[in-house]
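Chemist: Listed here are the chains, written in short residue letters.
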Amino acid sequence: MTHTPREKAFWSIAILVVILYALIPVAWITSLSLKKPDQVADGKFFSGFSFENYSQIFSESTFNAALVNSLGIAAIATLISIVLAAMAAYALARLDFSGKTVILSGALAVAMFPPISIVGSLFDMWRAIGLYDTWLGLILPYMTFTLPLAIYTLSAFFREIPWELEQAAQVDGATPLQAFRKVIVPLAAPGVFTTAILVFIFAWNDFLFANTLTSTTDAQTVPAALAFFSGGSRFTEPIGAISAAAVVVTVPIIIMVLIFQRRIVAGLTAGAVKG
Amino acid sequence: MAQIVLDHITKKYPDGFEAVKDMSLTIEDGEFVILVGPSGCGKSTALRMIAGLEDITDGELRIGDNVVNDKVPKDRDIAMVFQNYALYPHMTVGENMGFALKLAKVDQSEIDAKVDEAAKVLDLIQHLDRKPANLSGGQRQRVAMGRAIVRDPAAFLMDEPLSNLDAKLRVQMRTEVSRIQRRLGTTTVYVTHDQTEAMTLGDRVAVMRSGVLQQVGTPMDLYRNPKNLFVAGFIGSPAMNFMPAQIEDDTLKLPMADVRLPGELRGKLGENGDQGRQVIAGIRPEDFEDAHLVGDAKERGTTFTATIDLVESMGSELYVHFSAVSEHSIESEELRELAEDSGAGEVPGAGEEGEVVARLDPASKAQRGKESELWVDATKVKLFHPEDGRSLTAEADA
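These protein sequence lines are chains A and B, in that order. Note that my numbering has the first sequence beginning at 587, numbered continuously upward. Note that my numbering has the second sequence beginning at 28, numbered continuously upward.
No wet-lab data here; the hints were simulated from the structure. Worth double-checking, as some hints may not be accurate.
[Unchecked claim] Straight-line C-alpha distance at most 27 Å; calculated DSSO-like pairs for lysine-lysine:
#1 B:Lys129 with B:Lys158
#2 A:Lys768 with B:Lys98
#3 B:Lys397 with B:Lys325
#4 A:Lys768 with B:Lys158
#5 A:Lys686 with B:Lys39
#6 B:Lys195 with B:Lys147
#7 B:Lys280 with B:Lys325
#8 A:Lys768 with B:Lys280
Just chain A, with the same shape it has in the complex (with noise of 0.2 Å):
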């Protein structure tokens, strides 16, 4: 396709216009997290470097044991989920049973669920059978609420993947279990990473279930942790805490979707089949 270039201009100001609304709030709060106290209600974009508000987070024990907790169980929900996920997502493109439509819809239903209309409920549940502040009180709901999304995603990519393969593998002497985790996974790894990113941000940004489930370091992760944030002194607003945790909280999944970008390479599967 060719363009003309008042197309390409406004094609570029359109562009340009997206990027700058989506990354001036960064830029903000980056700029809030820079300045020291008194500084923070000058109105100014920048006035002066100070790392005072970092040092200050990263001493607190709580923001510590919180980020350690995000990570761990939104790196769990993930692996859990994209395991179940891929299995079932596989049986769905591949089989054919009865139920399968009501598999389907059931999934789709509790995607639909608002999560706001379980919490009070799985509240006294989790408190009940003791699951309330643990880590798996939280993996549970975050599996669940992923799961749907993650099996609609998985099996459109395996229902991509040409059947004669896994046939190819299974006449090559490999048992169903072989062939999935050989043949079919490996080229299902672009839609795999995608779910996964999916997923974990999910379980990462989460604030309703870690607000609600969680009460101490023990299992509170840094959305929740973030609102109860006290700052330097009683009487300060702690708004420059705020915004450098808010900064560090977004470095991990800026990593994340930059690794598993990589992997993401379109027209894996090409050379498969036919020529």
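Chain A is fixed; fit chain B onto it per the hints.
Modeler: Below, chain B without anything else, positioned relative to chain A:
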């Protein structure tokens, strides 16, 4: 290496469709057997049942001495080449070829040796480290073959392996496949819809139609003694010409001429035929000739005059098309279907013009729109039953 026996094999799908009906076929150890037929005839289903990719509804399948009906593909010791190759795109050529051995937990050094050996045979040595995506169609096809060869399996199963190649490459790979099979001596079942591949490759050819095995025999056997109208029309290119005809005494009344039935044909008909009966005559294009070029053989056949509609010159031979008006008509629904399936076109009805193709020597002076004297070899005429299409002239033991 092993014998493959299909013993009254039937495949019925849940929706009631019978893809393969009561098929019995024995493929001897080391034999190269071709399953051929028009699309949808059940040949691929039959192959996939041998591979274990499709359940067998009824009957018994034996590979070697084992009944394998309920065995999964990996326990059948077979290798398969798929129509679209089905190479593993995330593995290199070498890994693709060695995958089966790796699964079988063979030593890496032994895998390398076997892959190297197969790559040498297939001329793939310099491509071993490349991914399938970077290979040409022909190279991919050879990798697919290589993947089968390194296994040294009891049998090769090939599902239209050459149909995705362009015409020139197809001919080249055809000889290659034949050479490799002869060299390894592995029992091979090869599925194709291309009768040329069937004729040139196989020790024996099994022709299928609508799930039913029509005839099994050597290529020449099928060509000379087709058991029925379908096999006659399917084997040979261009296809056999079919026309209604009538037997009266020693004469066969064809649309274009009356032919005196040779004693040999007459004898075969003796048990089957009576006087004045309707039959369908089948004449291969190569059994016609320009009357001026026949020479000594002339008395074997009959000369007639026809107006040429079209002349196609192949250089080494001429195909001339002419039409013949039928006096008699033969109405049979089944027959029409048969003829259509075989690709031979319809058998013309009464008063209709049927087109006939004749293959002539390039020295012929036949010209488009002109009348020409043609000759037909009466000893080669095949006669078929007008109702069910079975051959009246095929040798009983064929």
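Chemist: Has the given pair, Lys397 of chain B with Lys325 of chain B, been kept, meaning a C-alpha gap of at most 27 Å?
Modeler: Within the cut-off at roughly 22 Å; holds.
Chemist: Lys768 of chain A and Lys98 of chain B: Cα distance at most 27 Å?
Modeler: holds (22 Å)
Chemist: Holds or violated: Lys129 of chain B with Lys158 of chain B, Cα cutoff 27 Å?
Modeler: Since the Cα atoms of Lys129 of chain B and Lys158 of chain B sit roughly 18 Å apart, the hinted pair holds (cutoff 27 Å).
Chemist: For a C-alpha distance cap of 27 Å, please report whether Lys768 of chain A and Lys158 of chain B respect it.
Modeler: holds (16 Å)
Chemist: Holds or violated: are the alpha carbons of Lys768 of chain A and Lys280 of chain B at most 27 Å from each other?
Modeler: At roughly 67 Å apart (the allowed maximum being 27 Å), Lys280 of chain B and Lys768 of chain A break the hint.
Chemist: Quick one, are Lys280 of chain B and Lys325 of chain B close enough, alpha carbons at most 27 Å?
Modeler: Holds - the C-alpha atoms of Lys325 of chain B and Lys280 of chain B are around 19 Å apart, at most 27 Å.
Chemist: Is the straight-line distance between the alpha-carbon of Lys686 of chain A and that of Lys39 of chain B 27 Å or less?
Modeler: holds (23 Å)
Chemist: Run the distance test for Lys195 of chain B versus Lys147 of chain B: straight-line Cα separation, threshold 27 Å.
Modeler: holds (22 Å)
The structure fails hint 8 only (numbered hints given earlier).
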